[in-house]
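Asks: The residues making up each chain are set out below.
2 protein chains.
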Amino acid sequence: MSGGKIIRWKCVCAYDGAPFEGWQSQRGGRAIQDVIESRLREIFGELIRVHASGRTDAGVHARGQVFHFDAAWKHGPEKLRAALRGGLPQQIQIKSVRAVLEDFHSRFSATGKLYLYHLYLGDADPFTRPYAWAIDRPRPLDIEAMKKGAAILRGKHDFRAFSALNGPPKEDTVRDLRRLEIAKRGRHVRIAAEADGFMYKMVRSLVGALVAVGEGKLAPDDLRGLLKSGKRTTRVQTAPPRGLFLEKVFY
Amino acid sequence: MSGGKIIRWKCVCAYDGAPFEGWQSQRGGRAIQDVIESRLREIFGELIRVHASGRTDAGVHARGQVFHFDAAWKHGPEKLRAALRGGLPQQIQIKSVRAVLEDFHSRFSATGKLYLYHLYLGDADPFTRPYAWAIDRPRPLDIEAMKKGAAILRGKHDFRAFSALNGPPKEDTVRDLRRLEIAKRGRHVRIAAEADGFMYKMVRSLVGALVAVGEGKLAPDDLRGLLKSGKRTTRVQTAPPRGLFLEKVFY
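In order, the protein sequences belong to chains A and B.
According to full-length UniProt numbering, the first sequence is numbered sequentially starting from 1.
According to full-length UniProt numbering, the second sequence is numbered sequentially starting from 1.
Keep in mind the hints are simulated off the structure, nothing from the lab.
Mixed in with the good hints there might be a few duds.
Note: identical chains are not told apart, hence a pair may lie in one copy or across any two.
Claimed, not checked - Computed cross-link-like contacts, DSS-like style, restricted to lysine-lysine with a CA-CA straight-line distance of at most 30 Å:
1. K79 with K217
2. K74 with K248
3. K147 with K79
4. K10 with K148
Pulled out of the complex, with its shape left as it was, chain A reads as follows (with noise of 0.2 Å):
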């Protein structure tokens, strides 16, 4: 539509997860691909696939998803980025575009992932409670053993117990889990996970757990069981997405 030669962009992009069935395209069309894609249909004039650097689950927000594709464009970034905010609802946000080498993919080039997930001890006002999990019990949750617990997670191992996979060992489940941390600040309890890679659902199984040991259904030195085991069991809960940001995309 646009002419000239066909170009790689690169996007950053943050949304909002509350409203859509997560990132990968639907039936219904209300997953954030689809609607990007339906809005580069407007610029162009054709179809024009995205490439995320990995789907978010429904729910689940993001300050710096990564997607990628191509299209001939001949007036610059910036106004490429613009035209794509024009058309977009609110809760999606087109932070960056930059023109990349051809060789680029925003799933394949990624060397790592960094995740923030937010916990709220108590009852959550309406501002926080569709971007944590409000954890609201007489008890307080034991944070000095989450972080035992964080400690025996972060490194290098078979993930597998903290995965949503369920099929024959075939694929490959080892990460290096480089960070994850836990930090509270009053009511506010923000655990940050980076991994050269995730397995879908890990990060919530990870989070689940860490709170089963806040709760003291688990001891931190259970978690260096289930590793272990590589079994997912329902001793593991999945965290809720809407605490879950993909936070940023390494390269």
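Could you slot chain B onto chain A? The hints should help.
Replies: Same frame as chain A, but now just chain B:
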């Protein structure tokens, strides 16, 4: 329904104003008052009117709105709070419930109110957009000029020029603006306004005028002239509701 003596209950609540048609009861039933009264009807089996410290406009948020109602309930305030909470949407939070003397009135007993208004300088992300007025212009706001303007507005004045009143000057339009402070942290600017009372759209008009000063459209001294004029003109814009929070009502 619950029997016993009729008691006056004072409630503090928070709400995200975005999905509602303001505080005050509307025909469509999508006002915050409607939603709370509908929950009270479920609990008590009859219409129970609630009375707030004042209405908030469509889209305005609250962290400390106060309302009261009279009802016979013999199970204590904590159980009443739990009953209320149970049936309210997540955008409304009942923060506290307590029994008060029957001469307490959430509006007429109030001695003052504190509002906060949030500006964001730049392209706000999807988590800030619903709760701030994003001012995304090449030239930064002149915060020092805004502070000078705030100093002129502070104190006891006739604020008719900063209200949405149109009719003849029957009403008392003198208010004591005890506090009007501007604080900048990074790209976030917070305006705190506290007075013995506010007129309709007064905070948003004060904010609109201060932003005009920050943009250089008005000089700080122009605010003195506007105050003296006693007339609302198009030189005073009304800031959008989404940045406004009713923070606290004083008694």
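Asks: Hints first: check each against the structure and report whether it holds.
Replies: Against the structure, the hints:
| no. | hint | verdict |
| --- | --- | --- |
| 1 | K79 with K217 | between (53 Å within a copy, 28 Å between copies) |
| 2 | K74 with K248 | within (28 Å within a copy, 53 Å between copies) |
| 3 | K147 with K79 | neither (46 Å within a copy, 35 Å between copies) |
| 4 | K10 with K148 | neither (39 Å within a copy, 44 Å between copies) |
Hint check: violations occur at hints 3, 4; the rest are consistent with the structure.
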